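Trainee: The residues making up each chain are set out below.
There are 2 protein chains.
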Amino acid sequence: MRTYAEYLKLVEDALSPQLRSLGYIPEKLLESMEYSLEAGGKRLRPVLLLAACDMAGGDVEMALPFACALEMIHTYSLIHDDLPAMDNDDLRRGKPTNHKVFGEDVAILAGDGLLSAAMELMLRAACAMGDLRGVKAAEAIARRAGVTGMVAGQTIDVTQEGSEPTLEKVSYIHAHKTADLLTAPLEAGLILAGAGEEQVRQGIAYGFHLGMAFQMVDDLLDVEGDAALLGKNTGMDAALGKLTWVAACGVEQTRLDAAEHSRQAVEALECFGENGAFLRELAQSTLERVM
Amino acid sequence: MRTYAEYLKLVEDALSPQLRSLGYIPEKLLESMEYSLEAGGKRLRPVLLLAACDMAGGDVEMALPFACALEMIHTYSLIHDDLPAMDNDDLRRGKPTNHKVFGEDVAILAGDGLLSAAMELMLRAACAMGDLRGVKAAEAIARRAGVTGMVAGQTIDVTQEGSEPTLEKVSYIHAHKTADLLTAPLEAGLILAGAGEEQVRQGIAYGFHLGMAFQMVDDLLDVEGDAALLGKNTGMDAALGKLTWVAACGVEQTRLDAAEHSRQAVEALECFGENGAFLRELAQSTLERVM
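The listed protein sequences correspond, in order, to chains D and Y.
Residue numbers in the first sequence follow this note's numbering, run continuously in steps of one, and reach 291 at the last position.
Residue numbers in the second sequence follow this note's numbering, run continuously in steps of one, and reach 291 at the last position.
Because the hints were derived from the structure by calculation, they are not lab data.
Just so it is clear, the structure is predicted and the values come from calculations on it, not from any experiment.
Glycine included, every Cβ here is placed at the ideal spot set by N, Cα and C.
Certain hints may be false.
To be verified - Cut-off 27 Å, straight-line C-alpha distance, at most; resulting in silico cross-link-like pairs (DSSO-like, lysine-lysine):
#  : chain 1 : residue 1 : chain 2 : residue 2
1  : D       : K169      : Y       : K28
2  : Y       : K9        : Y       : K136
3  : D       : K9        : D       : K232
4  : Y       : K9        : Y       : K42
5  : Y       : K169      : D       : K28
6  : Y       : K100      : Y       : K169
7  : D       : K169      : D       : K28
8  : Y       : K169      : Y       : K9
9  : D       : K42       : D       : K232
10 : Y       : K100      : Y       : K28
11 : Y       : K136      : D       : K100
12 : Y       : K136      : D       : K136
What the hints assert, rightly or not - To spell it out: a stretch of chain D is covered by chain Y in this simulated footprint if at least three of its residues, at any positions, have a beta carbon under 8 Å from a beta carbon of chain Y; those stretches are:
#  : region
13 : 22-33
14 : 81-90
15 : 109-115
16 : 120-129
17 : 132-144
18 : 228-237
Said to hold, decoys possible - Listed below are several chain Y residues computed to face chain D (Cβ distance under 10 Å; list not exhaustive):
#  : residue
19 : K28
20 : L29
21 : H80
22 : P84
23 : K100
24 : G111
25 : K136
26 : A145
27 : V151
28 : V158
29 : G162
30 : P165
31 : L167
32 : A227
33 : A238
34 : F278
For reference, chain D alone in the conformation it holds in the complex (with noise of 0.2 Å):
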């Protein structure tokens, strides 16, 4: 096992020259897409999708593509999510939007280039790794981001803004938008590390309650949260009439809920004995900021 260091500079290293890696990309598409892909962030699904990996004793090195068509992924979802005709930010880790720089022309472009290089890398890697396990794992990531995962919840999220906020749909969204992108790197790794079907459940269950906690910490930040610190205006989603865990249940519902979602990530990675303690630190470290 590695440190979240040694995880995070392994994807840094590799994200710019995976998607060069490709080809030939006009320069105003390559410039836009890495202007977004380079924004740093905690780069968190590439490097779960590494540590679930390792945890099996699988190859790291095999599984990078597919932690940067991970990350590939999640960020195209972040510059279409800007978009204005979506949620209409401005700001995104301390720098303006995609399509405040480019254009929306270009950010849309961009959006659809980062998910069509997601999936040619993972395929591309999947014919030279010569079995089904790449097949596999790029399937497994490809549904969770698709349109009864990530896009799924994205659609809700945007389409009931401003309406009652049930938990019923706050769970839906919560579970897609959010822990589907959480579940796809461990699903994914551990298919890659070659793991038994009860150690694949088991990383799904880690991923889902650790998706689950990750967001409802994002609500309570921007209730409580300062926008300096997270790069980002807070407020926006009262402001959108979004459906978020606080406006379901409120602040101290939210803190109790996400402390239990944590606890049962924990939990999840009991088969995995010593090898998890990695990703057992990862799920309680998750709470620090707003405990």
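Here the structure of chain D is known, so what remains is to put chain Y in place on it, guided by the hints.
Mentor: The following block gives chain Y in isolation, referenced to the frame of chain D:
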């Protein structure tokens, strides 16, 4: 070999069931995706994929998810292309464009959803096949639809509007924005059928020349066509300052070049002998509307 109507029926009957087979999709998202997916059209790309597979003795049923995926990719590109920030079209195939009916936010997500669904369907089919043909076919489609293919062509098309229509730029746009998505079905269909390298190479040449001829015909129709017959506004290319073959070379030269590409498409089919009849006739018929 089958007739165009037979391939078309296979595609039409499978599109919506394939999409719905992915699981529960939020109503608004599904409605929006199906609105554009079922707006008709010639289904040229999926028909090409099935015909290419058939021509090399492959199993057309097995190729169907890939054919549907390709039509979903084509449809997503049209939805995003029609957005106000892009070409700002309000009419497509005689119907209001997606964002006119569902709003820009849902239209963006419907495009993202169709691209994601396409990848997921191909990956699921590739998993089920048990060998690497499926993943190689999916890779070819993703590559030609991606940042070195269709999205690259789209970017130049959008960002170079109003600039000098040099043959170099117009060739790049036509080769990537249009021809790459007509080459993809040949490459993928032949790979799925287990065709040899030389046949795949000739199939790719056919797709490229067909695509170039096809886009030149489209450029001509925008100048000379009847809006009511075409189901979309004409004269839009000139109004938007689009880099078309007509803008670069004039009407007469475009007609000659389209004929030459059509001839080269037919020539590439020689190695398929009698089995190439369907695609040969299809290349010849491309020119009918403008000769």
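Trainee: Decide, hint by hint, whether the structure agrees.
Mentor: Going down the list of hints, with the structure as the test:
| no. | hint | verdict |
| --- | --- | --- |
| 1 | D:K169 / Y:K28 | holds, 15 Å |
| 2 | Y:K9 / Y:K136 | holds, 26 Å |
| 3 | D:K9 / D:K232 | holds, 24 Å |
| 4 | Y:K9 / Y:K42 | holds, 11 Å |
| 5 | Y:K169 / D:K28 | holds, 15 Å |
| 6 | Y:K100 / Y:K169 | violated, 31 Å |
| 7 | D:K169 / D:K28 | violated, 39 Å |
| 8 | Y:K169 / Y:K9 | violated, 37 Å |
| 9 | D:K42 / D:K232 | holds, 15 Å |
| 10 | Y:K100 / Y:K28 | holds, 14 Å |
| 11 | Y:K136 / D:K100 | violated, 38 Å |
| 12 | Y:K136 / D:K136 | holds, 14 Å |
| 13 | 22-33 | holds (count 9) |
| 14 | 81-90 | holds (count 3) |
| 15 | 109-115 | holds (count 5) |
| 16 | 120-129 | holds (count 5) |
| 17 | 132-144 | holds (count 8) |
| 18 | 228-237 | violated (count 0) |
| 19 | K28 | holds, 5 Å |
| 20 | L29 | holds, 4 Å |
| 21 | H80 | holds, 6 Å |
| 22 | P84 | holds, 8 Å |
| 23 | K100 | violated, 13 Å |
| 24 | G111 | holds, 7 Å |
| 25 | K136 | holds, 6 Å |
| 26 | A145 | holds, 6 Å |
| 27 | V151 | holds, 5 Å |
| 28 | V158 | holds, 5 Å |
| 29 | G162 | violated, 13 Å |
| 30 | P165 | violated, 17 Å |
| 31 | L167 | violated, 17 Å |
| 32 | A227 | violated, 24 Å |
| 33 | A238 | violated, 19 Å |
| 34 | F278 | violated, 28 Å |
Hints 6, 7, 8, 11, 18, 23, 29, 30, 31, 32, 33, 34, counting from the list given before, are not met by this structure.
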